[in-house]
Structures are given as C-alpha cells and as structure tokens.
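**Student:** Protein chains in written order, with UniProt numbering: chain A, 1 to 373; chain B, 1 to 373.
Hints may contain errors.
Heads up, the list lumps identical chains together, so a pair's fine if it works in one copy or across two of them.
Simulated pairs of lysine-lysine, DSSO-like, Cα-Cα distance not exceeding 27 Å [to be verified]: (1) K65 x K168; (2) K155 x K123; (3) K367 x K203; (4) K367 x K123.
These are calculated hints, taken from the structure and not from any lab test.
Quick caveat, the model's predicted, so the values are computed rather than measured.
Protein chains: 2
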Amino acid sequence: MDVKRQAGTPLASIGEFGLIGRLARAWQGAASQGERGGLSPVIPSQGLRLGIGDDAAVIDVPGGKPLLVTTDMLVEGVHFLWSPIRRRLLGRKALAVNISDIAAMGGIPAWAFLSIGVPASAKVEEVEGLYAGMGEMAAQFGVELAGGDTVRSDKWVINVTLLGLAVKAPIGRSGGRPGDLILVTGTVGDAAAGLHLLLMETKMSQAEKMDAQMREAPIGEADRQALLLRHLDPIPRVAEARALVDYGGVTAMMDVSDGVSSEVHHLCRNSGCGARIDLANLPISPAVRRLARREGREVFAWALSGGEDYELIFTAPEERVPGLIDHVRRETGTGVTVIGRLTDGTAGVMAVYPDEMGGDAVPLAAKGYNHFR
Amino acid sequence: MDVKRQAGTPLASIGEFGLIGRLARAWQGAASQGERGGLSPVIPSQGLRLGIGDDAAVIDVPGGKPLLVTTDMLVEGVHFLWSPIRRRLLGRKALAVNISDIAAMGGIPAWAFLSIGVPASAKVEEVEGLYAGMGEMAAQFGVELAGGDTVRSDKWVINVTLLGLAVKAPIGRSGGRPGDLILVTGTVGDAAAGLHLLLMETKMSQAEKMDAQMREAPIGEADRQALLLRHLDPIPRVAEARALVDYGGVTAMMDVSDGVSSEVHHLCRNSGCGARIDLANLPISPAVRRLARREGREVFAWALSGGEDYELIFTAPEERVPGLIDHVRRETGTGVTVIGRLTDGTAGVMAVYPDEMGGDAVPLAAKGYNHFR
Numbered sequence: 001m002d003v004k005r006q007a008g009t010p011l012a013s014i015g016e017f018g019l020i021g022r023l024a025r026a027w028q029g030a031a032s033q034g035e036r037g038g039l040s041p042v043i044p045s046q047g048l049r050l051g052i053g054d055d056a057a058v059i060d061v062p063g064g065k066p067l068l069v070t071t072d073m074l075v076e077g078v079h080f081l082w083s084p085i086r087r088r089l090l091g092r093k094a095l096a097v098n099i100s101d102i103a104a105m106g107g108i109p110a111w112a113f114l115s116i117g118v119p120a121s122a123k124v125e126e127v128e129g130l131y132a133g134m135g136e137m138a139a140q141f142g143v144e145l146a147g148g149d150t151v152r153s154d155k156w157v158i159n160v161t162l163l164g165l166a167v168k169a170p171i172g173r174s175g176g177r178p179g180d181l182i183l184v185t186g187t188v189g190d191a192a193a194g195l196h197l198l199l200m201e202t203k204m205s206q207a208e209k210m211d212a213q214m215r216e217a218p219i220g221e222a223d224r225q226a227l228l229l230r231h232l233d234p235i236p237r238v239a240e241a242r243a244l245v246d247y248g249g250v251t252a253m254m255d256v257s258d259g260v261s262s263e264v265h266h267l268c269r270n271s272g273c274g275a276r277i278d279l280a281n282l283p284i285s286p287a288v289r290r291l292a293r294r295e296g297r298e299v300f301a302w303a304l305s306g307g308e309d310y311e312l313i314f315t316a317p318e319e320r321v322p323g324l325i326d327h328v329r330r331e332t333g334t335g336v337t338v339i340g341r342l343t344d345g346t347a348g349v350m351a352v353y354p355d356e357m358g359g360d361a362v363p364l365a366a367k368g369y370n371h372f373r
Numbered sequence: 001m002d003v004k005r006q007a008g009t010p011l012a013s014i015g016e017f018g019l020i021g022r023l024a025r026a027w028q029g030a031a032s033q034g035e036r037g038g039l040s041p042v043i044p045s046q047g048l049r050l051g052i053g054d055d056a057a058v059i060d061v062p063g064g065k066p067l068l069v070t071t072d073m074l075v076e077g078v079h080f081l082w083s084p085i086r087r088r089l090l091g092r093k094a095l096a097v098n099i100s101d102i103a104a105m106g107g108i109p110a111w112a113f114l115s116i117g118v119p120a121s122a123k124v125e126e127v128e129g130l131y132a133g134m135g136e137m138a139a140q141f142g143v144e145l146a147g148g149d150t151v152r153s154d155k156w157v158i159n160v161t162l163l164g165l166a167v168k169a170p171i172g173r174s175g176g177r178p179g180d181l182i183l184v185t186g187t188v189g190d191a192a193a194g195l196h197l198l199l200m201e202t203k204m205s206q207a208e209k210m211d212a213q214m215r216e217a218p219i220g221e222a223d224r225q226a227l228l229l230r231h232l233d234p235i236p237r238v239a240e241a242r243a244l245v246d247y248g249g250v251t252a253m254m255d256v257s258d259g260v261s262s263e264v265h266h267l268c269r270n271s272g273c274g275a276r277i278d279l280a281n282l283p284i285s286p287a288v289r290r291l292a293r294r295e296g297r298e299v300f301a302w303a304l305s306g307g308e309d310y311e312l313i314f315t316a317p318e319e320r321v322p323g324l325i326d327h328v329r330r331e332t333g334t335g336v337t338v339i340g341r342l343t344d345g346t347a348g349v350m351a352v353y354p355d356e357m358g359g360d361a362v363p364l365a366a367k368g369y370n371h372f373r
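Just chain A, with the same shape it has in the complex (with noise of 0.2 Å):
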C-alpha cells in the first residue's frame, strides 16, 4: 500500500460542513495563487451572487432574470439501493429532490443535466427505467432534459445538476430577523418514519414475515402506504414556494433534507439569529403518531432528525403570516404551521416541550445526517 495514503487528516474527523470549508479554501487558494487568463470581458465577475452554502447559487447572467443552480450527487450503497424493481422510483426521487432545492430558492425548476455511472452488467431496460421515473417527475414540473453524461462504474451513481429562474428575488437563508415566526409546509417526520418501516421489513426474515402476518400489523395498511411513499416517492413543494413568493414577506428558506433540527440550526446561523421551536405545534401526521405510540418512540424524533421530508421551513414577519397561510391553503391546497419563533442570537436554539411533558426548554442538537460521521 502507499504510505502517503496513510498520513493526513480523516475525513470523518472534520466532517461535512468542515470539509466544504477546507475544500473552498484550497480552490481560493490556489486561485489567487493562479495566473489569470484575461479572458473575462463578456462576464461580470459580480455574476455569481450567492455560492456554496444554501440550497441553490444565484447567478446573473447578464441582463436576464436570476439563474438558480443546484447539484446533488447519490451513490449506491451510500444514498439509496439499486433495485430493479424501484427504478423508476428512485428516476423520480433523485430528481424530486433537486426540485426541492430549487422551490426553496423561490424558483421554478427548468433544464436538467444528468450524470448517470451504470455498472457494466446492468441492462439497457434498468436505465431507461430510471429515466422514465426522472421523466414522469420533470413533466409534472415542467423540466426539460437539456444534457448529460452517460458512464461505465461499479456502482450506480446517479448525478443531478438542475437549472431554475427565481420567480422574483431568490430567497436564501440569511434574511430571518429575530422575531420572524418560523413555519413549515404539510407535515414533518413521515419520510423518516416510512424509511423505518422500510428497514423493518426489509431486515424481516421470511418466518418473520409470516409471523408477522400473525400478529397484529404495527400499523394499518393505508398508514404504512403513506408513509412508504413519503420516503420512497416525495413530491417536493413548487406550488408552495411559488405562492409563498408571489405573496410575499417570506424573509428565509430552505427545504426539509436533513431534519428540522438540523435545518433551523442553518437558519439560525446563516440568518445570525437563534430560535424557540414548540414541539407542540410540529405537524405530525396521525399515521406517524400512531407508528411511534406502537414502536415506543418520541414522537417528535422522525419529525426533528429524520430529514427528507422535502416540505419548506421558513420564516416571515408575524403580520404577514395569517395572509400567507391563506394564501398557500387557498393556492395549493397545502397547510402552512408556525412551529416557532427567531429569537436573538445570542439565545441559542431552544425546543420547548408541550406543557403535558413538563413544559422545558432545552437546547435543540442539531442532528442532521452527516455523511462522513
């Protein structure tokens, strides 16, 4: 083995947010070290508006309205496993998700680029599946398949980079003012819940199964098909974001990836405010109620850490927020929730437990996923 591979710094031990710093770093660095091409005339080196650090860039082309640009890359064995049978599921997912990114940017989501590492033993059919899910997912969303690149690997690794245009201004994270309420679209914790049954079922032995079938089902099966479907299948929230946008107010944003924990830790700290979360008020789903009564767990875990929910957390000046919830159900068909408040930075980010649990205020962790822990 060589032994310069040895020596260096463990990625695990820096993590995903201190490797995207360090990675940043050495790219500047040898930037400015770099000589430049004097090529420039045609771009405004102001193009790039906002980079590294929020859901999408924002880019200006000249004299057209702001682009928004995300990339997302999923690998097998590490985001998802290759099935068959799930293909076109997984088409719509990889691309659902992207969406995501661009909604909460206030965007509409427009030209895609595919990336797509196929094993040498896969069939034509496997990939053409995944391109009819990714398909399907564009023409409910009006996104056109503009380019990409089609390439042998060991595993499937799937590559998305897609285009929007900000309905009016992008909303980043950074505009939340302490005193904005804080509210999140539909409910939360359902991907997370559906992705626990999955693993249930899937780690279930064939006696198991049948067993099972015995006993009573942890849930019903109208329950556990939502719930399924919430992780294998979300629809991510561009009606919303555009309502929300053609309301107005809406002071920051982003989608609901990692978790709501995680994501107001990020409001909170792009917008230098800190936060008091009533987990009361968290939208929970009757079906993920009655699936953590059953298992013995918090019901507000899935709904704080489970991430992928793909809904919108937000935040808007508490004037302007009865209208916005009318306008969104009015528009969309969608609930809008306040599940807190920005308070001062200083304050830190607190959960406070319903008045039943005691009442407390307790430091929120910010356990997002961490792909590197």
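Please build the complex by placing chain B on the supplied structure of chain A, with the hints as guidance.
**Tutor:** For chain B alone, coordinates are given in the frame of chain A:
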C-alpha cells in the same frame, strides 16, 4: 441473485450513442404521459435551444445572453487511476475537459459545480489537492466555484457541471456545408502518445526499468515530458475559440476528445456532409513522429483514434480560412492547419493517404472511444 436483472438488453450490445438515444426517448415517453404541473409562465418552453448531442447545451435565459452548459462524470478505475501524487493534475484535467467543451461552442467558461464522491478512507489533504488543482485551472480561465456536493463513495467519482456564456452566437456541430474546409488547432495525437508512454512505464517491472535504462530510451526526455504533459495536463483552447468567434466565419466546431476520426464523423453526421481528410496534412508533432517510428506504429494512428488532445476541430468557408488562421496565430500564437474538406453527404468520410504511401482514398472508420464496448 435477482432473476429480473438477468433479463433485458446488455449495455455493450447497443453502445454509448445507442444508449443515449434510448434514454432520451424513455424520458420523453414518460414526460409526454405525465401530468403537467401548470407552473410554466415564468419559463419560456423554447428556453432550451440545443440539448443532447453537442459539446454543451445552449439555453436562452429570458433577457440574457445564451447560456452554455456541459457536464462530465469521471469514475476511478474507468477514466482515471487515483494517485495521491497526481491529485492536483487530476483536478486540473477534470475541469479542463469541461472548459474545452464550452470553448468548443464558442463560449467563455464561468461557473463550476462539482460533485465529488470520496472513499471513506481518503484523507482531507487528498481532496484538498484535487480542489487546489481545479482552482488553479479555474483561475487561469476565470471560472468561479459556484456550488457542489461532497458524498461518500467506494471509488472516487468526479462530476463537473460547467456553465459558460457564448461570446457571440453559439457554434454547434450542424452548420458545416459541402466545400467548407476542415481545420484543427495545434497538433493531434500527442495526448494518446503520452498515454502510451505512461502505460508502458507503469507496466514495466523494476527489473525491466533497470534494463531499459541500459538501452536507449524510446525517445528523448524532452519529447517524453511534452507528450506526458499533453495527456496529464491538457490546456483547453479558450483563447483560440474566442479568436475564431471574434474573426467570424466558423460554421461548425467541436473539441477533439475522442480522436480526429470520431470527431469528423460527428461533424459530418450533424452537418449532413461527407468529408475528405488528407492524412499528409494532419498536424503531428515531431515527438509523436519519433515515438511512432521507434514503436513501429503508423504515424496517423494516435492522431486519428487516440483522443484527449482537446484541440478544436472546425469548419469554415474557404475564403475565410487564410484570415482565420492569421488571426488565431496573431491573437494566441497557436497554429491552425487545414486537414480536409467537407463534401456531399453521399460521399461518406474518406481518408486520403499521402502520395508516398500510394495516395489511396479509403473510408475513415469512426474509431472513437466507446465507454461500453
């Protein structure tokens, strides 16, 4: 094993271009059956001017300059061998090949989005080295790091999506007309000859290396360094593309990534033309000529089918050619060579041997690199 995976069409049986066509149809088929979300008013559906099948997509952002977008996925073990020592060069090249695609459309590169799959055992310094290499190349051509994704993966995977802006009208592959001359910048075959040297040196055992030092080297050290660098550290022809666009008259253009044969076939298919390539006129460097002689290879082989030269190949009406060649040389110092002429579409793609080799015209095979064969 899952029986369903065994059924279906093997990837190798349809090749890369066949696959791309089937995938685009799979996407479109699903899209045409899908339900439209009715969210389109901010996006003109004509935004995508040029999609799959050129060096980069061309997108008309409302009100703005034409946007060029290209994406490339590189997988360890397929496109490169990971070397902690060469990580900087690998970073440079990963960005350079995308910059070359933007240049080949007559554009200036601007904003890069990087998705990197990193083995859990990798050290932070290795990933930093890769980014530092990209940052160097970026600085040389005015590219900003605008976003990305860093994920865990068994093998290293590098996906670059690069956005750029067209200097004037984007130049595709379909504008060539019978009678247009075919030209290429710089020299071709150097990168493939460099790869040949690298593979030869890598395969040699220690004993063979000592033995080789006793014998005469296949070529001098200056030749060796020059050829290795053309393979390991290609420099995209951005300034040359800009000079060509500024002068005007180029009817079709692409970069030489898969070898002159393959690129001429692409130009002809897209422009509905045939071509005659004068092998005697191929710009082949003295180093490649010397190495070919030593190795007993036909001198044209690397230039025609080797690939990775990242020169520009383009067509222009005969009357514009002398001025174009002068202008590029004056602006950039780079030589441009006429290598043939587009002909009627029925004439096929022919290669004409030099007089001293008999002067025969033979059909030119499209021997580009194909990822799935």
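**Student:** Hints broken by the structure, by number, lowest first?
**Tutor:** none
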